[in-house]
Every structure is written in C-alpha cells, then in structure tokens.
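Undergrad: Going down the list, the protein sequences come from chains A and C.
So the first sequence is numbered by the working numbering: it starts at 1 and just counts up by one.
So the second sequence is numbered by the working numbering: it starts at 1 and just counts up by one.
It is worth saying that the hints were derived from the structure and are not from the lab.
DSSO-like, lysine-lysine: derived pairs with alpha carbons at most 27 Å apart:
1. A:K3 / C:K107
2. A:K3 / C:K110
3. A:K55 / C:K107
4. A:K53 / A:K18
5. A:K55 / A:K3
6. A:K13 / A:K57
7. C:K68 / C:K49
8. A:K55 / A:K71
9. A:K3 / C:K49
10. A:K3 / C:K58
11. A:K57 / C:K107
12. A:K18 / A:K57
13. A:K3 / A:K57
14. C:K114 / C:K58
15. A:K71 / C:K49
16. C:K68 / C:K58
17. A:K71 / A:K57
18. C:K110 / C:K58
19. A:K70 / A:K57
20. C:K58 / C:K107
21. C:K107 / C:K69
Partial list, computed: chain A residues near chain C (C-beta under 7 Å):
22. G42
23. L43
24. L90
25. S94
26. Y100
27. N101
28. E102
29. Q103
30. F105
31. G106
32. P107
33. G108
Bear in mind that the values here come from a model prediction, so they are computed numbers and not experimental data.
Beta carbons are placed, not taken as given, at the ideal position from N, Cα and C, and that holds for glycine.
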Amino acid sequence: DVKVTQSSRYLVKRTGEKVFLECVQDMDHENMFWYRQDPGLGLRLIYFSYDVKMKEKGDIPEGYSVSREKKERFSLILESASTNQTSMYLCASSQSRGSYNEQFFGPGTRLTVL
Amino acid sequence: AQSVTQLGSHVSVSEGALVLLRCNYSSSVPPYLFWYVQYPNQGLQLLLKYTSAATLVKGINGFEAEFKKSETSFHLTKPSAHMSDAAEYFCAVRELGGSQGNLIFGKGTKLSVKP
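Given these sequences and hints, build the entire structure.
TA: The structure is reproduced here in structure tokens:
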C-alpha cells in the first residue's frame with residue numbers, strides 16, 4: 001500500500017513564525033501536491049511538483065513556498081505565518097506513467113496560527 | 001475549463017436507507033473520475049475511480065458509481081447506509097493535459113447518518 005506521511009497531525013504557531021510542513025511518500029511517485037482544506041471551500045491546490053527540484057504554482061500559492069530536494073519528500077514552507085493560514089493542510093502523491101493519476105493522501109496537518 | 005459540481009453540501013439519511021451523492025463534471029473529452037471519502041480529522045481515501053473500462057464502478061465499503069456521459073454525471077450510491085458511512089465525500093476529475101495528473105475537486109458533500 002502507498003503510504004504518505006506528514007510530520008505533524010496538529011501544529012500551533014505564532015504570527016510571523018516560519019513554519020515547515022513535511023511530507024514523505026514511500027512509493028517512488030513522481031508527483032507530489034500540497035492542498036489546504038477549509039470548510040465550504042473544499043480542497044485548494046497550493047503547489048505541486050512532478051520531479052525533484054521542480055515546482056509549479058497551484059491556485060493559491062501566495063504566502064507559501066515549497067522544496068523538493070529528494071523524490072520522496074515535499075516540504076511546504078510558510079515564510080511568515082499569518083492567522084489566515086490557519087487551516088488543514090493535506091499532502092498527496094501520484095504516479096505519472098502507467099496509472100490513472102489517482103492521488104494518495106496523507107493524514108493531514110491541522111495548523112493553527114495565533 | 002473543467003469543473004466538478006457536487007449538488008448538496010450536506011446530505012442526511014437514516015441508517016439502512018439509500019445513499020445518493022451527486023456529482024456532475026464538465027469535460028470535452030472522456031474523463032477520469034474519482035470519488036474520495038474523508039473521515040473526521042483524516043486525509044482523503046480513494047473510494048473508486050472511473051477509467052472508461054466500465055460505466056458502473058464498484059468501490060470499497062459497498063459504494064458504487066455510474067458514469068453517464070449523456071448527463072455528464074458520476075453519482076455515488078450505496079443501497080443501505082451504515083453509521084460508519086458518516087463522512088465527507090469528494091468527487092474529482094483528472095485535469096486535461098500534462099503528465100502530472102492534477103485533479104480538480106468538488107467542494108464536498110458531508111453525509112450524516114441518523115440511527
């Protein structure tokens with residue numbers, strides 16, 4: 001089974017702090033994604049990556065950056081956390097070739113910014 | 001542009017009743033379609049997927065969905081609801097173009113099951 005793990009289930013940070021959310025997948029998937037989930041808004045794509053050191057902006061990249069130094073790891077960075085970044089963050093991965101691109105999700109990190 | 005619409009942000013059924021969660025998509029070519037389920041404070045789990053092999057797709061936990069091209073629909077059903085089905089359900093379509101396979105998600109439908 002594909003396993004996607006996220007570094008924290010719950011995180012509380014203060015406004016202005018730099019925040020790192022880590023995601024690791026163990027199935028050698030090429031593609032990795034970061035979403036945020038808010039009530040009534042569904043899932044919104046922040047950034048995605050289809051190869052090491054590659055990154056693409058999603059629908060809401062403002063206030064975020066990402067890093068992908070190794071194939072299995074995709075990090076989301078909040079350079080200066082703000083209260084409007086309080087949300088549930090979901091990481092996902094998928095295979096590029098020979099698949100239908102279904103995404104496999106981690107358990108999520110619920111981030112609260114005070 | 002592609003889109004996914006889920007009718008009804010909340011659906012409530014009694015235990016043992018039929019579950020019907022609606023999903024309509026827009027796509028100019030035959031799509032790949034997915035249903036995911038999210039239990040409270042968890043990530044999303046794949047329930048089933050449509051990949052053009054068969055129009056009626058069976059998934060986990062007794063769920064199934066039927067692809068209807070003429071109606072551009074992919075509704076999710078389960079004959080008899082169980083309390084453990086209470087969760088949020090998301091319909092998604094694979095975005096056209098590119099190799100990275102981005103998915104476009106609907107806004108979700110929260111299913112409540114009454115005893």
